[in-house]
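Chain by chain, the residues:
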Amino acid sequence: MINKVVVGPDEAVHDIFDNATLMLGGFGLCGIPENCISSILKKGTKGLTCISNNAGVDDFGIGLLLKTKQVKKMISSYVGENSEFERQLLSGELEVELIPQGTLAERVRAGGAGIPAFFSPAGVGTEVATGKEMREFNGKTYLLEQWLRADFSIVKAWKGDTAGNLVYKGTARNFNPMMATAGKITIAEVEELVPLGELDPNQIHTPGIYVQRIFQGKNYEKRIEQRTISK
Amino acid sequence: MLDKTGIAKRIAQEVGDGMYINLGIGIPTLVANYIPSHLHVVLQSENGLLGIGPFPTESKIDPDLINAGKQTITMMPGSALFNSAESFAMIRGGHVDLTILGAMEVSENGDIANWKVPGKMVKGMGGAMDLVASAKHIIVAMQHCSKEGASKLLKKCTLPITGIKCVKRIVSDLAVLDVLPQGGFKLLERAPGISVDQIKNATEGRLEIDGNIPEMQV
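The listed protein sequences derive, respectively, from chains A and B. Sequential numbering from 81 applies to the first sequence in the working numbering. Sequential numbering from 45 applies to the second sequence in the working numbering.
Keep in mind that the hints are not guaranteed to be accurate.
Said to hold, decoys possible - No more than 27 angstroms apart at the CA atoms, straight line, and that leaves these computed lysine-lysine pairs for DSS-like:
1) A:K212 to B:K48
2) A:K239 to A:K302
3) B:K200 to B:K180
4) A:K220 to B:K53
5) B:K160 to A:K212
6) A:K220 to B:K104
7) A:K249 to B:K104
8) B:K104 to B:K160
9) B:K53 to B:K164
10) B:K244 to A:K220
11) A:K298 to A:K264
12) A:K302 to B:K104
13) B:K160 to A:K152
As the list claims (entries may be wrong) - Here are the computed distance ranges between Cβ atoms for each label pair:
14) B:I69 to A:K249: 20 to 30 angstroms
15) A:G211 to B:D47: 21 to 31 angstroms
16) B:L232 to A:S171: 18 to 28 angstroms
17) B:Y64 to A:K298: 54 to 64 angstroms
18) A:S163 to B:G255: 44 to 54 angstroms
19) B:N245 to A:S171: 19 to 29 angstroms
20) B:M45 to A:I195: 46 to 56 angstroms
21) A:K220 to B:G60: 50 to 60 angstroms
In case anyone wonders, no lab produced these hints; they're calculated from the structure. Quick reminder that beta carbons are idealized off the backbone N, C-alpha and C, glycines included.
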């Protein structure tokens, strides 16, 4: 079997080039590839197009790459927690494409599944529909939406094995499984890298076929955006 | 006039046993606190969970378990976790019985605007456009008027639309209203201490008033 295990995030992202298109898993700061983001920051890759549901916060997640102006374009559904993002957007420094969350998830899924386009009802009658083909099915109008694919997909899982099989935890799964399928090269960082045979095949969320590189990450911060507790 | 809690309490009365429900951010999230305990409902979080439980105690906080508002949560017994494509498959596929969300404006034909204020707010639509395009039943929680007193129940929305002809029922601080299939708001209930005339004055869209309008019980 080919060796998918790399030493760490620096090696995993070493060939990400200027102007590449990246997919980054996560919902808010939950399930984001923290280690790879740090390495891209350090590497200084510029002109990136980032496909990610959110854009991090000012000082964490993709927000770090926005601050250093490494991102040319964001493709997201919700970017509300990031004031630097809003500033760059309103000043025209950053290109942004906002996509309904379910459409974003399905476009990524379609990219990985080899389906170039599909019809979705989300956004009919809104500015999202501008320039899109519309068609009626059973009396309801739908928009033609196209697949999304990336040069690199970067995902974060809870556990993974050396074959690239992945298991996610809690709601940190979110966009990671679809993104893992839609990158020319998919990089997985995991909290725990285990030998072959340790993960239960019945419980695999992402089969290893989609993953080209895997490593065990370190020092996960797992920042919480809204710490809400019951007394 | 109802406060936010009052709106949430009134909406909780719309919840039926066995429903799968998606609650939006803000007042809709509060509804969960007032669903009668004898009803068994399952709350969907579009980031990938069926079975949202109460907020955790300090020792049970798990950063890998949040709701769509990015708040730390717990899971009810019998919960299910899934990815975002699956989550919106259940939304788009019409499997969620009730969607409750906030609005900045609603028009008399059921259009809703709640995602963007041009030049001011560019946060994105998140899952709102998917939810309103596919939900079987949508209840909107909103303020009837702006702080300046301008009606938010309009003939036509002035803000960018989130979805067209989708809102079925509105619970505002002043009233409960239905959006009629042929267009127009039908007044169903008044908030405590609010007169029909006050509601008339606060509603720009066509308002249908049929007979005696009862005061809501909250």
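Original post:
Failing hints, ascending?
Top reply: Per hint list: 1, 4, 6, 8, 9, 10, 15, 16, 17, 19, 21 violated.
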